[in-house]
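Respectively, the protein sequence lines represent chains Z, R, L and D.
For the first sequence, this note's numbering begins at 1 and goes up steadily by one.
For the second sequence, this note's numbering begins at 1001 and goes up steadily by one.
For the third sequence, this note's numbering begins at 2001 and goes up steadily by one.
For the fourth sequence, this note's numbering begins at 3001 and goes up steadily by one.
Derived by calculation from the structure, the hints in this document are not laboratory data.
Treat each hint with caution, since some may be false.
Negatives, chain R to chain L, calculated, CB over 12 Å [said to hold, decoys possible]: (1) T1030; (2) G1042; (3) A1092; (4) L1095; (5) R1098; (6) L1206; (7) G1323; (8) A1337; (9) P1346.
Below, a list of computed lysine to aspartate or glutamate pairs in the EDC-like style, where the Cα atoms sit at most 20 Å apart [claimed, not checked]: (10) K3145/D <-> D322/Z; (11) K2076/L <-> D2097/L; (12) K1056/R <-> D1163/R; (13) K2030/L <-> E187/Z; (14) K1192/R <-> D35/Z; (15) K2082/L <-> E2121/L; (16) K2082/L <-> D2145/L; (17) K292/Z <-> D2097/L; (18) K1192/R <-> D190/Z; (19) K2028/L <-> D190/Z; (20) K1118/R <-> E1088/R; (21) K2030/L <-> E1274/R; (22) K2028/L <-> E1088/R; (23) K295/Z <-> D2114/L; (24) K2028/L <-> E43/Z; (25) K292/Z <-> D35/Z; (26) K351/Z <-> D1351/R; (27) K2081/L <-> D2145/L; (28) K351/Z <-> E1274/R; (29) K2076/L <-> D2145/L; (30) K2076/L <-> E2093/L; (31) K2081/L <-> E2093/L; (32) K2028/L <-> E187/Z.
The C-beta atom is built at its ideal place from N, Cα and C for all residues, glycine as well.
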Amino acid sequence: MATEVVELNSPNMTVNLGPQHPSTHGVLRLVVELDGEYVQSCEPVIGYLHRGLERMLAARPYRQLVPFTDRLDYLASLNCNLAISQTIERLASIEVPERAQYIRVLLCELNRIASHLVFLGTFASDLGATTAFLYAFRERERILDLLESVTGARLTYNWIRPGGVPADLPEGFAEATRAFIAGFLPEIRDYERLLTGNPIFRARCDGVGVISREDALAYGASGPVARGSGLDFDLRRTEPYDAYDRLEFDVPVFTQGDCMARYKVRVEEMRQSARIVEQSLRDMPQGDVATKLPKVFRPPVGDAYSRTESPRGELSVYMRSDGSPNPERVHVRAPSFVHLSMLPMLLRGVKLADVIAILGSLDTVLGEVDR
Amino acid sequence: MKAHLQRTEVYDAWTPESRASRLGQAAAGTVIVVMLLAASVGVSRIPWAVADPIRKIIGEHPVLNAFAKSFLVANFVTLHVLCLIWWERKFAGWLQARLGPKHVGWNGAVQTAADALKLLVKEDIIPGKADSALFVVAPFLVFMPTLLTFMLLPFSAAWVGYDFALAALLVLAVTTNVSLGILAAGWGANNKYSLLGGARACAQVLSYEIPMALTVLAVVTLEGTMSLVEIVHRQSAFWNIVSDAPVAVPAFVLLFVCALAELNRTPFDLPEAESELVSGFHTEYSGMRFAFFYLAEFANNFFMAGLMVVLFFGGWLGPWLPGPVWFALKTLVLVTAMMWVKWTVPRFRVDQMMGFCWKGLVPASLAVFCLAALWSVWVAR
Amino acid sequence: MSALGAFGAGFAGVFRGLAVTLTNLLMKRKVTLQYPYVRPAVAPRYRGLFYLPFDDGADRLRCVGCTLCAQACPTKVISMKKLGAGKHAGVSEFTMDLGRCMFCNLCIEACPFDAIHMGSEFELASDNRAVSVFRITDLAVGGADAVKRNNGTISAALESERKAPNVSFGSAAKEDKS
Amino acid sequence: MGVTVAADALAALREAGAEVVDQTTLRLRVAPHLMPAVCSVLHDRPDLGFTYPADLCATDLGDTIVLWYRFWSPGLNCDVTVSVGTPTSAPSVPTVTSIWPGMNWHERECFDLYGVVFDGHPLIADPARMRILLPEDWVGHPFRKDYRPEFSGDPLHGPQATN
Chain Z
1 MATEVVELNS PNMTVNLGPQ HPSTHGVLRL VVELDGEYVQ SCEPVIGYLH
51 RGLERMLAAR PYRQLVPFTD RLDYLASLNC NLAISQTIER LASIEVPERA
101 QYIRVLLCEL NRIASHLVFL GTFASDLGAT TAFLYAFRER ERILDLLESV
151 TGARLTYNWI RPGGVPADLP EGFAEATRAF IAGFLPEIRD YERLLTGNPI
201 FRARCDGVGV ISREDALAYG ASGPVARGSG LDFDLRRTEP YDAYDRLEFD
251 VPVFTQGDCM ARYKVRVEEM RQSARIVEQS LRDMPQGDVA TKLPKVFRPP
301 VGDAYSRTES PRGELSVYMR SDGSPNPERV HVRAPSFVHL SMLPMLLRGV
351 KLADVIAILG SLDTVLGEVD R
Chain R
1001 MKAHLQRTEV YDAWTPESRA SRLGQAAAGT VIVVMLLAAS VGVSRIPWAV
1051 ADPIRKIIGE HPVLNAFAKS FLVANFVTLH VLCLIWWERK FAGWLQARLG
1101 PKHVGWNGAV QTAADALKLL VKEDIIPGKA DSALFVVAPF LVFMPTLLTF
1151 MLLPFSAAWV GYDFALAALL VLAVTTNVSL GILAAGWGAN NKYSLLGGAR
1201 ACAQVLSYEI PMALTVLAVV TLEGTMSLVE IVHRQSAFWN IVSDAPVAVP
1251 AFVLLFVCAL AELNRTPFDL PEAESELVSG FHTEYSGMRF AFFYLAEFAN
1301 NFFMAGLMVV LFFGGWLGPW LPGPVWFALK TLVLVTAMMW VKWTVPRFRV
1351 DQMMGFCWKG LVPASLAVFC LAALWSVWVA R
Chain L
2001 MSALGAFGAG FAGVFRGLAV TLTNLLMKRK VTLQYPYVRP AVAPRYRGLF
2051 YLPFDDGADR LRCVGCTLCA QACPTKVISM KKLGAGKHAG VSEFTMDLGR
2101 CMFCNLCIEA CPFDAIHMGS EFELASDNRA VSVFRITDLA VGGADAVKRN
2151 NGTISAALES ERKAPNVSFG SAAKEDKS
Chain D
3001 MGVTVAADAL AALREAGAEV VDQTTLRLRV APHLMPAVCS VLHDRPDLGF
3051 TYPADLCATD LGDTIVLWYR FWSPGLNCDV TVSVGTPTSA PSVPTVTSIW
3101 PGMNWHEREC FDLYGVVFDG HPLIADPARM RILLPEDWVG HPFRKDYRPE
3151 FSGDPLHGPQ ATN
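Take these sequences, add in the hints, and give me the full structure.
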């Protein structure tokens, strides 16, 4: 059987990285034009996970919106619940009791550690160190057990509602969390000895995928991606919500803007989140955990938006109400959506192995990109 | 309760972790190991003289002799690969805070055999537009050199395929064919990822051939002969790593790193980098052809470790146990060291890997080669 | 950075990493849970398969068929058929299409009679979609005969109410149920 | 979170054609054709410096589609929201991608779901490539009120018969 030779008109080879590929972390397709190992151009194709979520939300009463937001950034769904609940509270100016604010901060920070552990595991295994993946997920299991004892679910919590939190923390939760934190900090030291100290890991990350401060600002980068490029902007500090203004924690900022800087920001943030969890456990006041919402909840006409700091960046929800029990329009501004729009600029002239490193360092979740 | 939710009795009855069965399994395991050791000691004590007439006939007849030896070596290669794969999966498991295969046989002992059987009966897909000639031949091109080099590996003075005067040179010449096989697989599969994997493998194996050759020749200059058996005999007083330490230690480190690169083991596993090239050159393979690639990789593993044991750690020399057992134990230790590095270190990028070879290893191995020459002229002899 | 320089400096980093994996190999506990032979311990508040608790005192299911849970459900999972009315209301049919359920707990919070709860059963996988529709006999605690007793109690109460409308029901209802 | 914006900055915005609806929370309303002018004032003036493109959301109010832009200024640490109304029959707004590259994908999403034509956008010439979330050959813009999908016949592709 003679195989006829097809003349390749252009020297470049177009490769489809995805939508089903081991390291695109979700259904993302990168149409990459390769000249040997070098990437000439890259065009991300998204929309494989588009569920028309914003239209679904507009067809339901306010109290039923929260479970849908679990499916946005499914690695940190408590942060998404917080974003939409806070917007509804601003829309109808509902007051959240003190204790509920502390519980929200506590749960969101635990969720942030779990999300950063997923980043650490997948980023390391993308670069070849599969063992770090197993260690990171071993710690994450313990956080999921903690969150399961509070909310009852392991991934899609639906636990932060407009007005507060459905129920109080179970007894024994504080001791379990303190035990976890005590066991977790030496683990972070292990990750750093395993990865940050490793010369091959440094060689794969230093100076790869550099985002300058201007580009980060011009593209609207936020979260660890912005703080890796020298932008000192963390919504928990610049626009404090819930109980963040009564807790002290410092915000890691690096100026190199490469994969290594973003990795270091996230590892340092895990330590800071552990600090926040301890403080919020310590000075959590007594009191009820939610304000009652009226049976049929009709916020006044108008629009409102609220900005929260999710593990990936600025997650903000804009909501418009026309007085009826259903919202007229809900729009979610997802950090991963903005970070993916930087890929064509970032991947020009880069090698194939770096495409995976850069994509991993942006830590995108396709649930919130496609909505 | 719905029908499909009722837990079937089968699961609950079979609880492998009950204390009695675990103690029983551990006892059975130790008994088997002891029996193996006793058998090997027994075998070496058997008066083979009684079989002399038959051995004389086979020994003299060139074709029969060659066939008998290659038959033994081929069987050894396939059997020991099964054990090596099982050991890698258990070792990687324990290292990553998990258990590794557990349910098929004692601690998964039969797991690899079951996998091999599965691959045997699995459908062997050849992609439509693949260059089928190359695609079909590639696994054998990869496996043939390994089998050939095993003929030269001395398990003990008597247990060696061919005590060939230029064995070291033949080994170096043959191991480069592996890259030919990988390139054929990469091109044959008509898959863009495989093509990239094949190209990377070719560049990697060929460029790491130079430092490996130089380090092996450094040891050869120390010993003066190229025959592996002779090299081990010369180490009967002190192992090479001890007697010529200033040359042998750097040479061993360089050879260890080059071996990792020759075998496509992390941190040099670029040809089948799961996260970048899906799984590199053997993406399109399935069934027995994929098993051959896996077999060749682990056989090469054992061979490289064996070569290092012969060159530096005194082959089969050892106090109480018979020769082959010592050789197997030392090689197993080195293979485990390779696995330990594999499951800890991330992967190089292509240009870093090449830079590391040409700017790092080649000058270092040249230096070691000159050092060996000086050492053998002025100091040792 | 010259390759040789990195070569030297790198070794220390590699060994520290190797030390970490060695300590995990020898000292750390292996965390594999050998499912399905060993089942995980599930938290008391776990949101698993639903169940309708059976009120032994009144010998009937607590559900009165007020459909508040059906209205609270974002994905319209619950559908029911009422039985009787007024003080003696109940349900004869209570179907949940768990294929569409998000396990979001909103129905449990909406129910004023504490008549539906989530248990700790999480093995709901099945090979065809029809099996994921759970009927009242699958959901009620005590299964089919609990449902039978529930229907019996309600129809008996309705019967006695129709026969003697203005008699106080406390004692009458009890001795009616022979 | 009231913010004091310099008076001359506000004057520059009004003169560029923006109608300041609320001074403290900085809400502007701008006619579509004046968008480039107002946005370059917002972006370039040192005392405003809204260089961070935060969000763009379109809402279909029946006869008009309202585009709601939001920018953030690291210097002032405050947001500005700009709302632009265009008729639903032929919605078109000049693009701001040249000022904020981050707005590129936000505008593509608005075109994809609402059909707002951003003239001047690098991909506007080829609507198939301009779509970002929906398949290239999708007909219509689903988030509009007048969107009536009819069953595409192919169960694997295109709009389905909604049950």
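The hints, checked one at a time:
| no. | hint | verdict |
| --- | --- | --- |
| 1 | T1030 | holds, 20 Å |
| 2 | G1042 | holds, 34 Å |
| 3 | A1092 | violated, 10 Å |
| 4 | L1095 | violated, 5 Å |
| 5 | R1098 | violated, 5 Å |
| 6 | L1206 | holds, 19 Å |
| 7 | G1323 | holds, 30 Å |
| 8 | A1337 | violated, 10 Å |
| 9 | P1346 | violated, 9 Å |
| 10 | K3145/D <-> D322/Z | holds, 15 Å |
| 11 | K2076/L <-> D2097/L | holds, 9 Å |
| 12 | K1056/R <-> D1163/R | holds, 18 Å |
| 13 | K2030/L <-> E187/Z | holds, 15 Å |
| 14 | K1192/R <-> D35/Z | holds, 12 Å |
| 15 | K2082/L <-> E2121/L | violated, 27 Å |
| 16 | K2082/L <-> D2145/L | holds, 18 Å |
| 17 | K292/Z <-> D2097/L | violated, 30 Å |
| 18 | K1192/R <-> D190/Z | violated, 38 Å |
| 19 | K2028/L <-> D190/Z | holds, 12 Å |
| 20 | K1118/R <-> E1088/R | holds, 19 Å |
| 21 | K2030/L <-> E1274/R | violated, 25 Å |
| 22 | K2028/L <-> E1088/R | holds, 19 Å |
| 23 | K295/Z <-> D2114/L | holds, 18 Å |
| 24 | K2028/L <-> E43/Z | violated, 44 Å |
| 25 | K292/Z <-> D35/Z | violated, 62 Å |
| 26 | K351/Z <-> D1351/R | holds, 9 Å |
| 27 | K2081/L <-> D2145/L | holds, 18 Å |
| 28 | K351/Z <-> E1274/R | holds, 16 Å |
| 29 | K2076/L <-> D2145/L | violated, 27 Å |
| 30 | K2076/L <-> E2093/L | holds, 16 Å |
| 31 | K2081/L <-> E2093/L | holds, 5 Å |
| 32 | K2028/L <-> E187/Z | holds, 12 Å |
Against the hints set out earlier in the document, violations occur for numbers 3, 4, 5, 8, 9, 15, 17, 18, 21, 24, 25, 29.
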